[in-house]
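As you go down the protein sequences, you meet chains A and B in turn.
Taking this note's numbering as reference, the numbering of the first sequence is continuous, increasing by one, and the terminal residue is 108.
Taking this note's numbering as reference, the numbering of the second sequence is continuous, increasing by one, and the terminal residue is 429.
Hints in this document: simulated from the structure, not taken from any laboratory.
Just so it is clear, CB atoms sit at the ideal spot from N, CA and C, and this is done for glycine as well.
Don't take each hint at face value.
[To be verified] Below are the SDA-like pairs computed for lysine to any residue, each with C-alpha atoms no more than 20 Å apart in a straight line:
no., chain 1, residue 1, chain 2, residue 2
1, A, K87, A, Q71
2, B, K33, A, Q60
3, A, K87, B, G400
[Unchecked claim] Between beta-carbon pairs, the in silico distance windows are:
no., chain 1, residue 1, chain 2, residue 2, range
4, B, K216, A, E95, 24 to 32 Å
5, A, Q24, B, D227, 49 to 57 Å
6, A, S106, B, D259, 41 to 49 Å
7, B, P233, A, R70, 52 to 60 Å
8, B, A170, A, A28, 48 to 56 Å
9, A, A28, B, A298, 46 to 54 Å
10, B, D145, A, K105, 47 to 55 Å
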Amino acid sequence: MKTKRITACAFALPLLAGAAHAQQTADADTRSAALLASNCANCHGTLGNAQGAMPSLAGQSKSYIVEQMRQFRDGKRPATIMHQLAKGYTDQQIELIAEFFSRQKSAR
Amino acid sequence: MNTRRITRRDALKAFSAGAVVSSLSACATMGQKNIGRVVVVGAGYGGATAAKYLRLWSDGAVDVTLVEPSEAFISCPMSNLVLGGSKVLADVTVSYSGLDKHGVKRVRDTVSAIDVDKKQVRLASGGMLPYDRLVVSPGIEFMYDRLQGWSSAGEATVLHAWKAGPQTVALRKQLTDMKDGGVAVMSFPLAPYRCPPGPYERACQIAWYLKQSKPKSKLIVLDANPDYVSKKPLFSRVFGEDYKGIVEYRVNAPVNEIDLKTGTLVTEIGDRVRADVINLIPPQRAANIARDAGLITANNRWCDVNWTSMESIKVPNVHVLGDATLSAPGMPKSGHMANQHGKAAAAAIIELLNGRAVVPPMMANTCYSFVDDRNAVHVDSVHRWVPEKKTLEPVAGAGGISSQDRASWALEGAYAQSWATTIWADMLS
Numbered sequence: 001m002k003t004k005r006i007t008a009c010a011f012a013l014p015l016l017a018g019a020a021h022a023q024q025t026a027d028a029d030t031r032s033a034a035l036l037a038s039n040c041a042n043c044h045g046t047l048g049n050a051q052g053a054m055p056s057l058a059g060q061s062k063s064y065i066v067e068q069m070r071q072f073r074d075g076k077r078p079a080t081i082m083h084q085l086a087k088g089y090t091d092q093q094i095e096l097i098a099e100f101f102s103r104q105k106s107a108r
Numbered sequence: 001m002n003t004r005r006i007t008r009r010d011a012l013k014a015f016s017a018g019a020v021v022s023s024l025s026a027c028a029t030m031g032q033k034n035i036g037r038v039v040v041v042g043a044g045y046g047g048a049t050a051a052k053y054l055r056l057w058s059d060g061a062v063d064v065t066l067v068e069p070s071e072a073f074i075s076c077p078m079s080n081l082v083l084g085g086s087k088v089l090a091d092v093t094v095s096y097s098g099l100d101k102h103g104v105k106r107v108r109d110t111v112s113a114i115d116v117d118k119k120q121v122r123l124a125s126g127g128m129l130p131y132d133r134l135v136v137s138p139g140i141e142f143m144y145d146r147l148q149g150w151s152s153a154g155e156a157t158v159l160h161a162w163k164a165g166p167q168t169v170a171l172r173k174q175l176t177d178m179k180d181g182g183v184a185v186m187s188f189p190l191a192p193y194r195c196p197p198g199p200y201e202r203a204c205q206i207a208w209y210l211k212q213s214k215p216k217s218k219l220i221v222l223d224a225n226p227d228y229v230s231k232k233p234l235f236s237r238v239f240g241e242d243y244k245g246i247v248e249y250r251v252n253a254p255v256n257e258i259d260l261k262t263g264t265l266v267t268e269i270g271d272r273v274r275a276d277v278i279n280l281i282p283p284q285r286a287a288n289i290a291r292d293a294g295l296i297t298a299n300n301r302w303c304d305v306n307w308t309s310m311e312s313i314k315v316p317n318v319h320v321l322g323d324a325t326l327s328a329p330g331m332p333k334s335g336h337m338a339n340q341h342g343k344a345a346a347a348a349i350i351e352l353l354n355g356r357a358v359v360p361p362m363m364a365n366t367c368y369s370f371v372d373d374r375n376a377v378h379v380d381s382v383h384r385w386v387p388e389k390k391t392l393e394p395v396a397g398a399g400g401i402s403s404q405d406r407a408s409w410a411l412e413g414a415y416a417q418s419w420a421t422t423i424w425a426d427m428l429s
């Protein structure tokens, strides 16, 4: 119990303290999701808090992000760039990314 | 005796309980347990990102020391706008102090040697830094040895400005000092080189300045490549429409000789181009510190890495990032990409220090280029791990370039500026 708790804690992400009690696989999934979602951070900010004209993703609902990504991918929502990037990710990856950002705190 | 024994046992119990309590309270304050020491060499787009994310993703469990000689970060992306005159160097300069709150230990010094056997780096000031894992994000070195007629005498006047900083400002001054009716020339090498669309953006920026201020002047662009390396439909249109009569674009024109006395470039086929301002961007390779550490493995120029972890294929425990790497198929040498390298390395190092398997990363790239002071165009791509080929490859059907709709280029200009401030914060705040 002691070892497990410390291990889980040391690698849980900030604001994801709930994951500290999850199974080891769930922790691994969390780390994978954090790495995957960091693809977006260059433009949308660390943990989804962007600057300037770029939309923030932190704190958006999971279903909203998933829906927007689908619309970009299918050409239903016009974009300068996201219609091209959205095609690079699988449905499962988009779910993980959306879940991750929905759990982050918005700084705005 | 009996009493003493019991006391001892009780004491052990108490100690054990105390250990649990203190571990848990360390846990509650987001873990102070140290799992390893990482030294990061170079605080550009790759190194600074790796340093920050190592701290962020390990909750401070990785001890990170970042060695960088510069006082502040100066961005290559956006620095072409300094040449055009719509920005100054301060606009593309960011303090490193934002990394302090993440617990990154900053050392303002140069790494003079890496001892990969003893796992330590030597600093120019004489100090030593031991590491469990090393991140080398060294940038590029210019191969002036390939340029006949070159000598150090040329350094003050024939500028590359391909590392943003004093040369950027000096090249801007050469352009503003040039008379109307003068000739500027820029030369750039065969791919791969740092920032594939960068030279074309620079041509647009110089041409934009000339068009505003010195319309009788000309810019000759000597491209060593057989065709546009990046965003051809966009740059060829802008050269032809916006900068007609100013930009003279020539392909298959690698420069391999210079006459410093007369200010003349000589191309491979013997064309001689004399100019008032010469911007010469030489061929490039991984920087000297990477070469000296034995990290260069391809064509005496670039560092092969394992794309799941960014670890050198040759030197264990050393991860190489950014332009110095032998690029994966379809992957540009860009600041955006280096940032992604930094995150992949950070995640992998945390897994490795914990004795866990590394998760292959996804990576994405976006490069904006300004065609004047306000309008920008992009190229983007997404890269996934292909297990059977053991590399990252662009995802087929994803990525692309800007549309030809000029109305969207103004919107992209606003996004490009926001991209810059956001990615600078992603690596430095």
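Results of checking the hints against the structure:
no., hint, result
1, K87/A <-> Q71/A, "holds (10 Å)"
2, K33/B <-> Q60/A, "violated (33 Å)"
3, K87/A <-> G400/B, "holds (11 Å)"
4, K216/B <-> E95/A: 24 to 32 Å, "violated (59 Å)"
5, Q24/A <-> D227/B: 49 to 57 Å, "holds (52 Å)"
6, S106/A <-> D259/B: 41 to 49 Å, "violated (59 Å)"
7, P233/B <-> R70/A: 52 to 60 Å, "violated (28 Å)"
8, A170/B <-> A28/A: 48 to 56 Å, "holds (51 Å)"
9, A28/A <-> A298/B: 46 to 54 Å, "violated (33 Å)"
10, D145/B <-> K105/A: 47 to 55 Å, "holds (53 Å)"
Violated hints for the displayed structure, listed by number in ascending order: 2, 4, 6, 7 and 9.
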